[in-house]
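Given next are the chains, with one letter for each unit.
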Amino acid sequence: MIEIFNISKSFGQKQVLYDISGKFEKGKPNLIIGASGTGKSVLLKCIVELIRPDEGKVFFDNRNFTDASRQEKIEIRREIGMLFQGGALFDSKTVEDNVRFPLDMLANMPRDEKQDRVNLVLNRVGLQGANKKMPSELSGGMRKRVGIARAIVNNPKYLFCDEPNSGLDPQTSIVIDELIRDLTTDYDTTTIVVTHDMNSVMGIGERIMFLHQGRKLWEGSKDDITHSGVKELDDFVFANKVMMAMKEKGQF
Amino acid sequence: MKEIGRYFIFLGNLLTNRESFKTHYKLVVDECILIGIDSIFLFILVSSFMGAVSTVQTAFNLVAPYIPKYVISQVVREMTVLELAPTVMAIIFAGKVGSSMAGNLGTMRITEQIDALEVMGINSINYLVLPKIIASLLMYPMLVVLSGACALLGGYIVGNVTGILSPDEYIYGIRYMFNPFTVTFALIKSFVFAFLVSSISSYKGYYTHGGALEVGISSTKAVTTSVIAILLADYLLAQLLLSPA
Ligand SMILES: Nc1ncnc2c1ncn2[C@@H]1O[C@H](COP(=O)(O)OP(=O)(O)OP(=O)(O)O)[C@@H](O)[C@H]1O
Ligand SMILES: [Mg+2]
Numbered sequence: 001m002i003e004i005f006n007i008s009k010s011f012g013q014k015q016v017l018y019d020i021s022g023k024f025e026k027g028k029p030n031l032i033i034g035a036s037g038t039g040k041s042v043l044l045k046c047i048v049e050l051i052r053p054d055e056g057k058v059f060f061d062n063r064n065f066t067d068a069s070r071q072e073k074i075e076i077r078r079e080i081g082m083l084f085q086g087g088a089l090f091d092s093k094t095v096e097d098n099v100r101f102p103l104d105m106l107a108n109m110p111r112d113e114k115q116d117r118v119n120l121v122l123n124r125v126g127l128q129g130a131n132k133k134m135p136s137e138l139s140g141g142m143r144k145r146v147g148i149a150r151a152i153v154n155n156p157k158y159l160f161c162d163e164p165n166s167g168l169d170p171q172t173s174i175v176i177d178e179l180i181r182d183l184t185t186d187y188d189t190t191t192i193v194v195t196h197d198m199n200s201v202m203g204i205g206e207r208i209m210f211l212h213q214g215r216k217l218w219e220g221s222k223d224d225i226t227h228s229g230v231k232e233l234d235d236f237v238f239a240n241k242v243m244m245a246m247k248e249k250g251q252f
Numbered sequence: 001m002k003e004i005g006r007y008f009i010f011l012g013n014l015l016t017n018r019e020s021f022k023t024h025y026k027l028v029v030d031e032c033i034l035i036g037i038d039s040i041f042l043f044i045l046v047s048s049f050m051g052a053v054s055t056v057q058t059a060f061n062l063v064a065p066y067i068p069k070y071v072i073s074q075v076v077r078e079m080t081v082l083e084l085a086p087t088v089m090a091i092i093f094a095g096k097v098g099s100s101m102a103g104n105l106g107t108m109r110i111t112e113q114i115d116a117l118e119v120m121g122i123n124s125i126n127y128l129v130l131p132k133i134i135a136s137l138l139m140y141p142m143l144v145v146l147s148g149a150c151a152l153l154g155g156y157i158v159g160n161v162t163g164i165l166s167p168d169e170y171i172y173g174i175r176y177m178f179n180p181f182t183v184t185f186a187l188i189k190s191f192v193f194a195f196l197v198s199s200i201s202s203y204k205g206y207y208t209h210g211g212a213l214e215v216g217i218s219s220t221k222a223v224t225t226s227v228i229a230i231l232l233a234d235y236l237l238a239q240l241l242l243s244p245a
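Chains as they are written, first to last, in our numbering: chain C, 1 to 252; chain B, 1 to 245.
Don't read these hints as lab results, they were simulated from the structure. Where hints are given, some of them may not hold.
Taking lysine-lysine and the BS3-like style, the derived pairs with C-alpha atoms no more than 27 Å apart in a straight line are [to be verified]:
| # | chain 1 | residue 1 | chain 2 | residue 2 |
| --- | --- | --- | --- | --- |
| 1 | C | Lys132 | B | Lys22 |
| 2 | C | Lys132 | B | Lys26 |
| 3 | C | Lys114 | B | Lys22 |
| 4 | B | Lys26 | C | Lys93 |
| 5 | B | Lys26 | C | Lys114 |
Quick list of simulated restraints, FRET-style, between CB atoms [unchecked claim]:
| # | chain 1 | residue 1 | chain 2 | residue 2 | range |
| --- | --- | --- | --- | --- | --- |
| 6 | C | Asn131 | B | Thr182 | 45 to 55 Å |
| 7 | B | Tyr207 | C | Asp188 | 36 to 46 Å |
| 8 | C | Ala35 | B | Leu213 | 24 to 34 Å |
| 9 | B | Phe178 | C | Asp104 | 33 to 43 Å |
| 10 | C | Ser136 | B | Tyr207 | 18 to 28 Å |
Predicted, not measured: the structure shown is a model, and the values here were computed from it. Where a beta carbon is used, it is the ideal one built from N, C-alpha and C, also for glycine.
Isolated chain B (complex conformation) (with noise of 0.2 Å):
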């Protein structure tokens, strides 16, 4: 409980003493650029395979030779753009960019790098976390739709290669009964999930105590409490955006 009161009291300090428009405009272009690096190229192996698996796992329930072939993409369309994308990526997130962004935090906290700052008279946490969660927030859905449509790929290359389905019947069925809200439910999930991971990440490295090994053990928790928090979240969500009022 007292952890959530100094969570909360972390956030507020984000906007308090500002600093320029323009020192901030620049970190934030780092720091989307270190998001970029370190997990565009996971995200994509990811779902890709997932999006390929969730095709030959479909076809293989979905025996009934009366149920069109269609509904196999129809099925991992919605998968993918509901849970696949945007939950499962934010786990990887977490265990990527939320890992790491606590890892830096926390080596600058034990380096005195942090206390550097505070005896300049800047505001640390505005100085070094506010960007972070402003570069997840831009970059965290653009993963999301950029692995929503490698999951399709996915799934379009293996019905393609092992004949599960034609590719025709793929994409009549990607389009079938498209309900667009589940697409801006996608995104509204992902800023959600994007600002947890980096702001419990970043809280987590911010106060980390000790030396190289609480480092290690913040950078460990960050990913924990992030991966807790986005599953109530999804959980909360779903409840809120998708039950039939």
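The shape of chain C in the complex, shown without the other chains (with noise of 0.2 Å):
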């Protein structure tokens, strides 16, 4: 569980984020949607201090992360994935080495257990056989597939994904929110995933939190979130034709 408490950041004079307090609990998938440029990603980087928030408090299950020393921090960074919103894969290295670089770096195990894990996680992603290729070589979707596997293999008790599916098909992106879901139920980690795919908040968002322009609006599940009453989340939801197709049927 991570509990985050009043956290604002700002760059120069423009703040990017206000006030933001809330609840990520263990086991199913927490979302953070909101439309494009509302600090969502500024939110995930404050969580596990990439970037320092000028005011709030971070904890990982009880455990004051803002004001933690160096060395406790790197302990609870050690079981953290993160999945980045461009995939950040080590463009020197192939893919298999990016995968297992955590595994390299953090685990204590033989170098056959990490192969059968590394090609374990590929093969979660779909990714099979793709090994050696370099990261130059794959696509957008391939990249963030690894960028997925990397952030799972080393079994995080907290994983962030920052837009999983975005820049993928919708099949492959279902497959993803799934196995996502899964890795989170099954090895009850704490999981926020960043996502402005209305496909993914039906498909697996049982906890959202909607941002706007930097502040939190509205937080509930999937089945509320059809009649919330906030104007600026009936914007967001029913931006998308399906979902406004649905409404005008009567559905919700």
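Mind assembling these two chains? They're in different frames, but the hints should get you there.
Structure, rendered in structure tokens:
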């Protein structure tokens, strides 16, 4: 479980996050949704302190991360797997070396076992056989999937995914969403997924936080999202043609 | 001023939360190979020509008939060992290796690769930058020795081919009144310059913000700042080590 309290962040004159608090539970994916540029990625980075928030505190399972010592922070970070919006693959390493990297650096296991683990996760993201490719030879969606494989290879306690399925076709998107959900339930991880894909929201959105221009305007589950009464959220949800069509048919 | 403070904090971070020796060993070897491939050809080319040109120009300037010809190669030797090989080559090192270090780290920064390391609990400065600095400290002095040799060889060939002075005279001049301390001094300089170029370039690359355009700017700044630091350090070292005590 991750809790955040009153997170605010400005870049120079421009305030990006306003006083955001919330709780992300274990075992089910927690979604952060919102339009482009509302500060979703910045919030995610504030939680792991890749960007230091101006104000606010973050707790990982009741461990105060914000005020932790450098060593304690490293301990907590070693339990984190993170997928970055652009993949952030090490472009001098092959796919396989990228995925194995967290194991090489952090885990203490024999070579064969590492290799099995790498092949297993590459399989799960549907990239079996791409082991020896370089990141520059991959499509955008493949890079994303390698990024996911790298994020989950070390069985993280906390999993962060910044737009895991942007750039993927709808079918692969669903596969990836379900993969994230299954990992979350199987290993009881605390998972935070940033997305603006309504498909994902309706698929795995049991807990959703909606951001709009740096403010948290709503939280709830997919069952309530269509009748939240929040105008900005309605605008966001019904920008999707399928959702709109269903609304017109009176399905909500 | 703030920049200098940040640079020293950056250097301080090099040695905290170190990765294992084994990890670093591999990274250092990789960096050494990169530096070698990046610069060896250019170093040989530039230093051979500099040796040749210095020989021709020194001969041109020493017109008085009572000055023995071996003085030419003696002058070439002094110039090469004291300044051409360690300092001028450092500027080329900054242009070639420094800019590529900054570009490499800058790209890793803007594509979030540095963030990815940090979020795994890895000290990215230690992991990425320390190997570059160690590799530079190992490689640059060797490159300086190599380019010194190439310069003297360049002078030898030109002197011989154009008939400015005979091979015997050239060799005699090279050995005449040789002070081994000048070589020590050149090596001290090359360690200092290697450290300055690699640490400043890494610093500039590591703190890139923005996009591809800024990576280019960081590379350019890495070169200019390194060159200024080289020239300042060159002057200070000459004052410290060469002025008669
Ligand atoms: N390092 C930074 N320096 C200055 N401004 C920044 C920085 N990072 C983000 N911003 C600004 O913060 C705002 C929020 O950016 P963020 O990347 O969090 O958006 P997002 O919600 O993730 O959007 P998207 O869905 O397009 O990824 C943007 O206006 C962006 O310009
Ligand atoms: Mg984003």
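Next item on the list: Mind checking the alpha carbons of Lys132/C and Lys22/B for me, to see if they're no more than 27 Å apart?
Entry: It holds: about 23 Å lies between the C-alpha atoms, which stays within 27 Å.
Checklist line | CB-CB spacing for Thr182/B and Asn131/C relative to the 45 to 55 Å hint | finding: 54 Å, holds
Check: Within 27 Å, alpha carbon to alpha carbon, are Lys114/C and Lys22/B?
Finding: 18 Å, holds
Item checked: Leu213/B and Ala35/C - C-beta distance against the hinted 24 to 34 Å -> At 26 Å between Cβs, range holds.
Next item on the list: Indicate whether the distance between the beta carbons of Tyr207/B and Asp188/C respects the range 36 to 46 Å.
Entry: 39 Å, holds
Check: Does Lys26/B pair with Lys93/C here, judged by a C-alpha cut-off of 27 Å?
Finding: With Cα atoms ~14 Å apart, Lys26/B and Lys93/C stay inside 27 Å; holds.
Margin query: The hint says 18 to 28 Å between Ser136/C and Tyr207/B; measuring C-beta to C-beta, is that right?
Written below: Holds - the Cβ-Cβ distance for Ser136/C and Tyr207/B, about 25 Å, lies within 18 to 28 Å.
Next item on the list: Measure nothing beyond the straight line between the CA atoms of Lys132/C and Lys26/B; if it is 27 Å or shorter, mark the hint as holding.
Entry: With Cα atoms ~20 Å apart, Lys132/C and Lys26/B stay inside 27 Å; holds.
Next item on the list: Verify the proposed pairing of Lys26/B with Lys114/C, using a straight-line Cα cut of 27 Å.
Entry: 19 Å, holds
Margin query: Between the beta carbons of Phe178/B and Asp104/C, is the distance compatible with 33 to 43 Å?
Written below: Distance hint for Phe178/B, Asp104/C is violated at roughly 50 Å.
The structure fails to meet hint 9 from the earlier list, while all remaining hints are met.
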